[in-house]
Amino acid sequence: MYLTPEQQAILDGAKGETMSKVMKTLVMYGETFGADKMVPVTSEYNHLVTSFGLKMMGPVFDLMQKLIDAGAVSGQKFSVDPRPVDKNVPANFLQKLIFNKFMYSKQDDYEQQLNQLGLMDADAFSCACYLDQMGNKPKKGDVLSWAESSAVVYANSVLGARCNRNSGIMDIMGSIAGCVPHFGLLTDEGRKASWIIKVECKRRPEAQLLGSAIGMKVMEDVPFITGMEKWLGTELNDENRAYLKDFGAATASNGAVGLYHIENLTPEAKELGKTLVKADAQVYVIDDAELERVQKNYPVMWKNPDATPKLCFVGCPHMSMEQLKSWTVRVEEGLKASGNKKVLIPTVFTTAPAVKKAFEQTEYAKRLAATGVILSYICPLMYMNNPLCGKMNVITSSNKLRTYTTARYYTEEQILAKITKGGN
Amino acid sequence: MKQFKGRVVAPGAVTAPALVSHGGLNTLASFQKALQFGDKKATCGDQNNPDLYGQEMLGKALCLPQTIGSTTGGLVLYCACAMERQPACMLFSKPIDSLAAAGSILASVWLEGIQMPVIDSLGDEFLAAVKTGDQIQVKDDGTVIIL
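Heads up: the protein sequence lines correspond to chains A and B, in order.
The numbering of the first sequence is my numbering, which starts it at 1 and goes up by one.
The numbering of the second sequence is my numbering, which starts it at 425 and goes up by one.
Okay, chain A solo, but in the shape it has when bound:
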């Protein structure tokens, strides 16, 4: 792997032992994947996956402190994934005790470290950092050192930036060194599709279900998706960007997709068309029956599958402004149709702090509050990552949350019916 004289000098210790280790980490990472050189990180901001002061992460906090002590801080400011705790989200006494005194007891200390390392601001906590209100939206062609699978797949696919599926900690290494190894999704060849996905649904496919089906089929490969024009059109707008956000998160969590192309819609597919598809690409046809089959095969992790849901999460990844508004209307209409005044299951919508603030300035905020839905900046995944939630019957429209926790997945229409009309 070629290193510039400056990169080689850092590796050899010219900027101290810690910077040498940072460069060594990146060089070994690149060499594992056949990188030919380092390329500069060109985005204005970075994004880190590690937002939680989880007690088990002591070794990570120690490493972060080593970086701070050596002055090896991020060359870019960065956003980070959502905070794990919000007192507005329903939790019983025991859960609160475990969250605050045991699991996330290091949260304040860790946030201090993040500030020292280069956190953008006190509100920079969201998995959807690319939403307009959050201010971390890379440009087409930008090279990133991001982690957070749902953000990486969105940045690559919808924004046309270039980023590998980096792990936590590796994300900040690239930002400190100012360069990342050139391999995989950073290369033209690595962005070519080895799958053609033919969507032949008669109904608009549910974003999180379609993403799940594709992710489980192609795993880490790049899919080129056809047949979506009648559902998503040919121009990106607020509505289809939100669809692609949820779709991508499902491809990345149910599989390991870091980039997808949608014919005539996503930037590289519009520009390069089917020249993006490799000659030996495999084909996967998806119709309504296939999506039904996929949903039916999800394991139910509840002890009693017929139990009444105790909590509902919508917003993993975080909801956009457009989604908050449209869901407000849909919940209102659902309640009106069923003759109920408030949602029948405690329900939490999650969104980025800056989106929450902007939403609270609109007339929709009072209307949503009137339905009984709680609005939070929390990470539902971190909320559920504890043994107590294993026994809690949580429902969600997020296929990512389903994958990592015991939450049970339902389509958006099914979720709406459950929270507004009731029933198991």
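One or more of the hints may lead you astray.
To be verified - Restricting the straight-line Cα-Cα distance to at most 27 Å, the calculated cross-link-like pairs of lysine-lysine (DSS-like) are:
{"id": "1", "chain 1": "A", "residue 1": "K217", "chain 2": "B", "residue 2": "K555"}
{"id": "2", "chain 1": "A", "residue 1": "K139", "chain 2": "A", "residue 2": "K357"}
{"id": "3", "chain 1": "A", "residue 1": "K325", "chain 2": "A", "residue 2": "K366"}
{"id": "4", "chain 1": "A", "residue 1": "K230", "chain 2": "A", "residue 2": "K310"}
{"id": "5", "chain 1": "B", "residue 1": "K457", "chain 2": "A", "residue 2": "K391"}
{"id": "6", "chain 1": "A", "residue 1": "K106", "chain 2": "B", "residue 2": "K555"}
{"id": "7", "chain 1": "A", "residue 1": "K391", "chain 2": "A", "residue 2": "K336"}
{"id": "8", "chain 1": "A", "residue 1": "K366", "chain 2": "A", "residue 2": "K303"}
{"id": "9", "chain 1": "A", "residue 1": "K101", "chain 2": "B", "residue 2": "K518"}
{"id": "10", "chain 1": "B", "residue 1": "K464", "chain 2": "A", "residue 2": "K66"}
{"id": "11", "chain 1": "B", "residue 1": "K457", "chain 2": "A", "residue 2": "K303"}
{"id": "12", "chain 1": "B", "residue 1": "K465", "chain 2": "A", "residue 2": "K391"}
{"id": "13", "chain 1": "B", "residue 1": "K464", "chain 2": "A", "residue 2": "K96"}
{"id": "14", "chain 1": "A", "residue 1": "K310", "chain 2": "B", "residue 2": "K555"}
{"id": "15", "chain 1": "A", "residue 1": "K217", "chain 2": "B", "residue 2": "K518"}
Honestly, the hints are just simulated from the structure, not real lab data.
Fit chain B to the known structure of chain A by using the hints.
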């Protein structure tokens, strides 16, 4: 006795009993409970992985296709190594994924005295041949022997 040859990602030699996952290993889901709640044997907590759920991972030759899931995967593996709850080695049938690679590299660069040999690209036939409980020998040059 069957012998396979893979690529050395992290060097080392070790002999250990096999623990086999035929599906991808979700690193966060597998290790989180053990690391969080002081389980020194690193019992796998991933209910979605029937091969590994409830099995002790500490000191085992972990045989798997790739790791999957959250991009916290690398740092979780790094934490497992720092807390000395890592497998004896990781043996991948496919080319290693970026998250497992990150965990292995971070451990080798930033932790003193931690050894966890990692071999990848052993082939689908390796995963078809190896069974949980088999004794596995890993050599420095990437040779993996099912004894």
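Comparing the hints with the structure gives:
1. A/K217 <-> B/K555: holds, 25 Å
2. A/K139 <-> A/K357: holds, 25 Å
3. A/K325 <-> A/K366: Satisfied, since the Cα-Cα distance of roughly 11 Å is no more than 27 Å.
4. A/K230 <-> A/K310: Violated. A/K230 to A/K310 sits at ~37 Å, over the 27 Å cutoff.
5. B/K457 <-> A/K391: holds, 15 Å
6. A/K106 <-> B/K555: violated, 40 Å
7. A/K391 <-> A/K336: Measuring from Cα to Cα gives roughly 32 Å; hence the hint is violated.
8. A/K366 <-> A/K303: Roughly 37 Å between the alpha carbons, so the hint for A/K366 and A/K303 is violated.
9. A/K101 <-> B/K518: violated, 41 Å
10. B/K464 <-> A/K66: Given that 27 Å is the threshold and the Cα spacing comes to 26 Å, the pair holds.
11. B/K457 <-> A/K303: holds, 19 Å
12. B/K465 <-> A/K391: Measuring from Cα to Cα gives roughly 24 Å; hence the hint holds.
13. B/K464 <-> A/K96: holds, 26 Å
14. A/K310 <-> B/K555: violated, 41 Å
15. A/K217 <-> B/K518: holds, 16 Å
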